[in-house]
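There are 4 protein chains.
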Amino acid sequence: MDKKIFTLDFKVRDYECDMQGIVNNSVYQNYLEHARHEYLLSRGIDFAELARQKINLVVLRAELDYKLPLVSGDEFYVDVHVEQSSRVRFDFVQHIYRKRDSKLMLAARITGTSLNERGRPFVPDVITQLFPAGEMTE
Amino acid sequence: MDKKIFTLDFKVRDYECDMQGIVNNSVYQNYLEHARHEYLLSRGIDFAELARQKINLVVLRAELDYKLPLVSGDEFYVDVHVEQSSRVRFDFVQHIYRKRDSKLMLAARITGTSLNERGRPFVPDVITQLFPAGEMTE
Amino acid sequence: MDKKIFTLDFKVRDYECDMQGIVNNSVYQNYLEHARHEYLLSRGIDFAELARQKINLVVLRAELDYKLPLVSGDEFYVDVHVEQSSRVRFDFVQHIYRKRDSKLMLAARITGTSLNERGRPFVPDVITQLFPAGEMTE
Amino acid sequence: MDKKIFTLDFKVRDYECDMQGIVNNSVYQNYLEHARHEYLLSRGIDFAELARQKINLVVLRAELDYKLPLVSGDEFYVDVHVEQSSRVRFDFVQHIYRKRDSKLMLAARITGTSLNERGRPFVPDVITQLFPAGEMTE
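Residue numbers (our numbering), protein chains in the order written: chain A, 1 to 138; chain B, 1 to 138; chain C, 1 to 138; chain D, 1 to 138.
One or more of the hints may lead you astray.
For chains that are exact copies, the list does not tell them apart, and a pair is met inside one copy or across any two.
Unchecked claim - Straight-line alpha carbon distances no greater than 20 Å define the calculated SDA-like cross-link-like pairs of lysine to any residue that follow:
1) Lys67 / Ser85
2) Lys67 / Phe10
3) Lys11 / Glu38
4) Lys103 / Asp65
5) Lys67 / Arg52
6) Lys67 / Asn56
7) Lys67 / Ser42
8) Lys99 / Gln84
9) Lys103 / Ser86
10) Lys11 / Arg118
11) Lys4 / Gln129
12) Lys4 / Gly73
13) Lys67 / Thr113
14) Lys103 / Phe10
15) Lys54 / Leu68
Derived from the structure by calculation, the hints contain no laboratory data.
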């Protein structure tokens, strides 16, 4: 299991807000994805390079709990903690916190896998190395 | 409980696809939201008009199971079925099906509520009327 | 020169509106692109298939005149008329009209080209055939 | 006329790239808008606060010249220089430069105005103060 928590800083952009004046519910998945990709990059895993090699990291399931809405001007950070939930599945546990008061705005669990060109589960070595032997959660 | 199933037709737009050549995971929430709003409109509930009255329909929780990816050129439809899960919470059970073979592409449960200007749960009459007396699910 | 005018129907989706309650300025480029791609498809030119063959249709210049804002609930249509402005450049002249009163909402001229894998201008036969001999505008 | 050039740093997010593996043409307008709003905020003009007061800053015309495509991993910066082109119109001259080699990726001129609740041009004092007397460009 990954013990260190990766975080990435963001600021709400006005085009991300909808007519209610709050960040639209779909945009949080953009924030979460960008934080995951930057986390993976920090571990030597390049989403775009894998895509060029026809190895696709894909989302299988997303669970998002919306706690408080982000609004124009808000600065926030997204954390990324990853657990291996099976030989070919990974759970990204992520939170979004507002910077000025550390309030939890959103909690999420995103389950992903890695597919080869034929759409079959295939976990390249760079990803396997994220998880030291024996640290799979089940 | 609402017995009739509302559906809305869509076609993938190329800008919705990412570098893997598939619809980006966040875009499915756009599809689901648009289908929910058109469903509500068909029942006399206008999201935009409510927003102008400072009554905000918001998402509390989203669960999405990604089954198969939509790609450029795909036509699909989204269904909407709503259940009242508590006095002030509604569960939208939604599916996305590919048109050419009726394959299930995504299954979702979106829990929403309605808030007044002070951010307190407030369910206007137009919404209450969606649910005949005694049909609350719990 | 292409004499027939291609049009495509749309309806504003609420997530496309920003905090001013109007469709965000960037979203019009999405509408224009989708209409162009559907136009090209109707002529046998598949943007996604070309991308898989490493032939990329790209935008070189966009000019957009915003006349009136689209809002939640608006139905509208986008037209596409294409002119060849040089051997390797194409001008898409496009307009967006509101359906209920045929008001012009946006006028645009989008200049595009086609690039091969090395980023050099390359116009495949399917595109050349759009323009009968001698009908180039200059 | 404003002599100092405001710049804002960005990094491409993978969801902004389309199936060609490059940032989609509409996304550049998002970058430009966010840079303009941050510029305005640095001068005491809050787009969101104005929207709440029913004063809407809107785009009248956009001209964008796409020079080179941004791709996954690119860091870049956007500059903002504003000129008053009439009593109620402002031209934002903006460029996007790739960080690693300072290459110009996009050049744009965005013409905007400010409207009151009835949709009539109305320039609040905070904006007038951007332009010292006698410095209007025509």
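Going down the list of hints, with the structure as the test:
1. Taking identical chains as interchangeable, the C-alpha atoms of lysine 67 and serine 85 lie at most 20 Å apart only when they sit on different chains, with a minimum of 18 Å there against 25 Å within one chain.
2. Proximity of lysine 67 and phenylalanine 10 under a CA criterion of 20 Å is satisfied intra-copy only: 18 Å inside one chain copy versus 27 Å between copies.
3. Taking CA atoms no more than 20 Å apart as the test, lysine 11 paired with glutamate 38 passes in both settings, with 16 Å inside one copy and 11 Å between copies.
4. In the homo-oligomer, the alpha carbons of lysine 103 and aspartate 65 lie at most 20 Å apart inside one protomer (14 Å), although the nearest pairing across protomers, at 28 Å, exceeds that limit.
5. When the C-alpha separation of lysine 67 and arginine 52 is checked against a cutoff of 20 Å, the pair qualifies neither within a copy, at 37 Å, nor between copies, at 23 Å.
6. In this homomeric assembly, lysine 67 and asparagine 56 come within 20 Å of each other (Cα to Cα) only across copies, at 15 Å, whereas the closest approach inside a single copy is 31 Å.
7. Proximity of lysine 67 and serine 42 under a CA criterion of 20 Å is satisfied in neither setting, with 28 Å inside one chain copy and 29 Å between copies.
8. In this assembly of identical chains, lysine 99 and glutamine 84 lie within 20 Å of each other by CA distance neither inside one copy nor across copies; the values are 29 Å within and 35 Å between.
9. For the identical chains of this complex, lysine 103 and serine 86 are neighbours neither inside a copy (32 Å) nor across copies (26 Å), given an alpha-carbon limit of 20 Å.
10. With identical chains, the CA atoms of lysine 11 and arginine 118 are never at most 20 Å apart, being 38 Å at best within one copy and 24 Å at best between copies.
11. Proximity of lysine 4 and glutamine 129 under a CA criterion of 20 Å is satisfied intra-copy only: 15 Å inside one chain copy versus 49 Å between copies.
12. For the homomeric pair lysine 4 and glycine 73, neither the shortest alpha-carbon distance inside one copy (29 Å) nor that between copies (23 Å) is at most 20 Å.
13. Proximity of lysine 67 and threonine 113 under a CA criterion of 20 Å is satisfied inter-copy only: 12 Å between copies versus 27 Å inside one chain copy.
14. Taking the closest pair of Cα atoms, lysine 103 and phenylalanine 10 come within 20 Å of each other only inside a single copy of the chain (15 Å); across copies the shortest separation is 25 Å, beyond that limit.
15. Taking identical chains as interchangeable, the C-alpha atoms of lysine 54 and leucine 68 lie at most 20 Å apart only when they sit on different chains, with a minimum of 17 Å there against 38 Å within one chain.
In terms of the numbered hints stated before, the structure departs from hints 5, 7, 8, 9, 10 and 12, listed from lowest to highest.
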